[in-house]
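Visitor: If you want the building blocks of each chain, they are given just below.
Protein chains: 2
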Amino acid sequence: MGDNQDMGKSFLETVKFDDRGLVPAIVQDQETGKVLMMAWMNLESLQMTLDKKRACYWSRSRNKLWLKGESSGNMQVVHDILIDCDGDTLLLKVSQTGGACHVGYHSCFYRKATEALSMEICDTLMFNPEDVYGKKS
Amino acid sequence: MGDNQDMGKSFLETVKFDDRGLVPAIVQDQETGKVLMMAWMNLESLQMTLDKKRACYWSRSRNKLWLKGESSGNMQVVHDILIDCDGDTLLLKVSQTGGACHVGYHSCFYRKATEALSMEICDTLMFNPEDVYGKKS
Numbered sequence: 021m022g023d024n025q026d027m028g029k030s031f032l033e034t035v036k037f038d039d040r041g042l043v044p045a046i047v048q049d050q051e052t053g054k055v056l057m058m059a060w061m062n063l064e065s066l067q068m069t070l071d072k073k074r075a076c077y078w079s080r081s082r083n084k085l086w087l088k089g090e091s092s093g094n095m096q097v098v099h100d101i102l103i104d105c106d107g108d109t110l111l112l113k114v115s116q117t118g119g120a121c122h123v124g125y126h127s128c129f130y131r132k133a134t135e136a137l138s139m140e141i142c143d144t145l146m147f148n149p150e151d152v153y154g155k156k157s
Numbered sequence: 021m022g023d024n025q026d027m028g029k030s031f032l033e034t035v036k037f038d039d040r041g042l043v044p045a046i047v048q049d050q051e052t053g054k055v056l057m058m059a060w061m062n063l064e065s066l067q068m069t070l071d072k073k074r075a076c077y078w079s080r081s082r083n084k085l086w087l088k089g090e091s092s093g094n095m096q097v098v099h100d101i102l103i104d105c106d107g108d109t110l111l112l113k114v115s116q117t118g119g120a121c122h123v124g125y126h127s128c129f130y131r132k133a134t135e136a137l138s139m140e141i142c143d144t145l146m147f148n149p150e151d152v153y154g155k156k157s
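So the protein sequences, as listed, match chains A and B. Read in order, the letters of the first sequence are residues 21 to 157 in our numbering. Read in order, the letters of the second sequence are residues 21 to 157 in our numbering.
If you're looking for bench data, these hints aren't it; they were derived computationally from the structure. Here the structure is a predicted model, which means the values were calculated and not measured. Note that CB positions come from ideal geometry on N, CA and C, so glycine has one too. Any given hint could be a false lead.
Simulated pairs of lysine-lysine, DSSO-like, Cα-Cα distance not exceeding 27 Å [to be verified]:
#, chain 1, residue 1, chain 2, residue 2
1, B, Lys132, A, Lys36
2, B, Lys36, A, Lys84
3, A, Lys72, B, Lys54
4, B, Lys132, A, Lys73
5, A, Lys29, B, Lys54
6, A, Lys54, B, Lys36
7, A, Lys36, B, Lys36
8, B, Lys36, A, Lys29
Derived coverage of chain A by chain B (criterion: at least 3 residues anywhere in the stretch with Cβ under 8 Å from a Cβ of chain B; other residues may be distant) [claimed, not checked]:
#, segment
9, 27-35
10, 38-45
11, 61-73
12, 124-137
Just a few of them, taken from the derived set where beta-carbon distance is under 7 Å, the chain B residues facing chain A [to be verified]:
#, residue
13, Lys36
14, Arg40
15, Gly41
16, Ile46
17, Gly53
18, Cys105
19, Leu111
20, Glu135
21, Phe147
Please put together the full structure from these sequences, using the hints given.
Guide: This is the structure:
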């Protein structure tokens, strides 16, 4: 068991990036425990997050560093970064400004499966994305 | 915004599996909000989870279905399954028997980064894995 804890290694040595050089980061509200989103980090974005204490991810769709909130203002102040037993998933405890989700909800997990396997909204709309990101053309 | 919510689709139609046919599932304690682990599901394990209301994953290391707790007894009763805005991450709200982590902790996220970028234990040991899984040869 002691071996599995890897406590002799540094935090950055313990992180296992996948074959794309990415690691998933679960993002949780520090105070309420609500899970807000999951995003991906490469080493550069993780180092920037550790340095600035603001969540920074790797955008797989835009293929670039993504300082959370740089467009929307909805920043995440990072209090703690935890790592799982296998070293291949991170958990960020944050204070979220506004909503985390680009659709306008507080959490990206704003829909849940019903018994009949349709979906229902289970979260609060925080902003109108057209006001924040502009209208889609 | 309405388009992004995809509320006209069924839950299963909304899930986007990756190129390996897998989707990550974050697992959170239903009562306390503690994040316990992240695992991966394929369609079969997701359908089994929906059917049995017990968490079932796809083990990438063993390449087979993995009914959580089948070896350890540490089952997860599933209360709700949420899906994120992009449809590519799930969030399970569960009641966890014993510890979720094979190392013996309540959560797989039992280590956190310190200011000096070493790690410290931040969780409770629930069982001795040698008692549960046997000694490693």
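Visitor: Given the hinted pair Lys36/B and Lys84/A, is their alpha-carbon gap at most 27 Å?
Guide: holds, 22 Å
Visitor: Close enough to count: is the Cβ of Gly53/B nearer than 7 Å to one in chain A?
Guide: holds, 3 Å
Visitor: Given the hinted pair Lys36/B and Lys29/A, is their alpha-carbon gap at most 27 Å?
Guide: violated, 35 Å
Visitor: Report holds or violated for the interface hint on Cys105/B, using the least CB-CB distance to chain A and a cut-off of 7 Å.
Guide: Holds. Min distance 5 Å.
Visitor: Taking only the CA atoms, is the gap from Lys36/A to Lys36/B under or equal to 27 Å?
Guide: holds, 24 Å
Visitor: For a C-alpha distance cap of 27 Å, please report whether Lys54/A and Lys36/B respect it.
Guide: holds, 23 Å
Visitor: Lys132/B and Lys73/A were given as a pair; does the straight-line alpha-carbon distance stay at or below 27 Å?
Guide: holds, 14 Å
Visitor: Tell me whether the statement that chain B covers the segment 124-137 of chain A is true, taking a Cβ distance below 8 Å and needing three residues at minimum.
Guide: holds (count 10)
Visitor: Using 7 Å as the Cβ threshold, decide whether Gly41/B counts as touching chain A.
Guide: Hint on Gly41/B: violated, closest Cβ of chain A at ~16 Å, above 7 Å.
Visitor: Using 7 Å as the Cβ threshold, decide whether Phe147/B counts as touching chain A.
Guide: The hint is violated - Phe147/B has no Cβ within 7 Å of chain A, the shortest such distance being about 10 Å.
Visitor: Counting residues of the segment 27-35 of chain A whose CB is closer than 8 Å to a CB in chain B, do you get three or more?
Guide: Contact hint for the segment 27-35 of chain A vs chain B: holds, 6 residues under 8 Å.
Visitor: Tell me if Lys36/B is really an interface residue toward chain A, meaning its C-beta lies closer than 7 Å to one of theirs.
Guide: Hint violated; Lys36/B Cβ to chain A Cβ min 13 Å, cut 7 Å.
Hints 8, 10, 11, 13, 14, 15, 20, 21, counting from the list given before, are not met by this structure.
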